[in-house]
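Peer 1: For reference, the chains in residue letters:
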Amino acid sequence: MSIARFWRETPRRYNLGGSKCTTCGTTYFPPRAVCPVCPVHRQSIEKMIPFQLSGEGEVLSFTIVHEAAEGFELQVPYVLALVKTVEGPVLTGQIVDAAPEAVAIGLKVRATFRKLREEGKAGVIHYGYKFTPADDPSFATSARGPPVPAPAENPPRDRARA
Amino acid sequence: MKAGIVSYGAYVPRYRITPAEIGRVWGSDGESMGEGLNVRRKSVPAPDEDTITISTEALRIALVRGAIDPQQVGAVYVGSESHPYAVKPTATVVAQAVGATPFLTAADFEFACKAGTAAIQTCLGLVGAEMIRYGVAIGTDTSQGAPGDALEYSASAGGAAFVIGQERVICQVRRTLSYTTDTPDFWRREGQKYPSHSGRFTGEPAYFRHVTECARRMMETEGTTPADYAHVVFHQPNGKFPQRVGKQLGFSDAQMRYGLVTPDIGNTYSAAALIGLANVLDRAAPHERILVVGYGSGAGSDAFDLETTDEIASFDRSHGRPVQWYLDSGTEIPYAVYAKFRGKIHMGEH
Ligand SMILES: [Zn+2]
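Protein chains in written order, with numbering that gives the first Met the number 0: chain E, 0 to 161; chain Z, 0 to 349.
Hints listed in this document are in silico derivations from the structure and should not be mistaken for laboratory results.
Incorrect hints may appear among the rest.
To be verified - Straight-line C-alpha distance at most 27 Å; calculated DSSO-like pairs for lysine-lysine:
id : chain 1 : residue 1 : chain 2 : residue 2
1  : Z       : Lys-192   : E       : Lys-120
2  : E       : Lys-114   : E       : Lys-83
3  : E       : Lys-120   : Z       : Lys-1
It should be emphasised that the depicted structure is a prediction, and the values quoted were computed from it without experimental measurement.
All chains, please: the whole structure from these sequences, using the hints.
Peer 2: As structure tokens, this is what we get:
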């Protein structure tokens, strides 16, 4: 993909910038200029507004890629998934930070910002969204931990005054 | 000072490697190496992560937590010694990725491990002068030590973003000051993949002298003693240096406890003191005084005398993960996978 084309798509690749029909409320990604849902398409033309997806969603379907696309050699095997966002649009994206066997239909994911591709060692680096498990069960999810005790041997003067 | 910390966020990549595993490959006793450095594990970025992606993740968390409209951000500065491009700013990509463009100023900062704290000082000036509403200072690194070098046991990856402003300040900056000299303790020449260091010289005349002088001057100027601070955070190239300098200055283990994160994630360079501060802010109650002393080779120290405000009691930290989560979690990988992820395996030309 050319630098110019990639650059034009920056808003949606970086920020999940889609569009929303203010008449029927349907959201689109990639953004659309006309709403195909509204009965009179023409009337929706002026009613489409930019809309940013939250990046939250769940895996609708997925495949495990063993033969890497160019630039993904270091990541095989990796998961490519269809993600149904909470706003509605379905996005295709890589699932990262999860072993392929940990990915399942219905897995809750959220968008993360990653390197998509490098144009060789000297070329431009392309960035955009991928997905990562929203609540990774393989992590020991310790909460915030105990509240900070005031240092016993040295009580801070400010607190002592308060 | 009117300007202070309005919000913050930290991000550490998922993968971890232990000193024992690194030592296994080089035929050295990695376990005692790790004990000597007080480093149990270090973080490793995935092949698709770099300073730009880590900075973006940290800043997105900070903006959501503070409910800050990215369009109100007037400056984005990213401090790092591992910017992906030699020419082309990290800060422009980060600013675009969080929706802060186009009416803002942006730049990359470089001062070894203290580029992030230097960025905070710059934001304090701009916000204090009311030239901008919010300024963003980020410290992020994905630094590497040469294979087999002592640095390989600690050099890791992570980032932290701080939003500086005057409204709804959760942590007031009472004062900041710096101590800077020309000291050749650690460097990397243009085009070199790995840094060079002057061995033992990196200790006494470099880290210890700068951190100590800077911390002492701060306490003299503010008329404080170590007992005035609930927490202290030092730059932490390993887990030992900050403990030693803290003891020398008269701080207790309890005061240093939450500011010390390197034992669990390694040395995140520009992010090290900032992730330590984020861990403190994750737990801090109102009106706790915090001393932060960063250090960057070359060399300089930036000190900050901070105090949390009543605002921190209602600050919503639910978005993103607390630093403790990154300290406790992670996926351990063997050296071969680490070498693949970090580009240490020659893949041929393509
Ligand atoms: Zn419609």
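Peer 1: Does each hint fit the structure? Answer for all of them.
Peer 2: Results of checking the hints against the structure:
Note on Z/Lys-192 and E/Lys-120: the hinted pairing holds, with a Cα-Cα distance of about 13 Å set against a maximum of 27 Å. Using a Cα cut-off of 27 Å, the hinted pair E/Lys-114 and E/Lys-83 holds, with the two alpha carbons roughly 22 Å apart. Distance restraint check for E/Lys-120 and Z/Lys-1: the Cα-Cα separation of roughly 45 Å exceeds the 27 Å cut-off, and the hinted pair is therefore not satisfied.
Figure legend: structure checked against the earlier numbered hints; the only hint not met is number 3.
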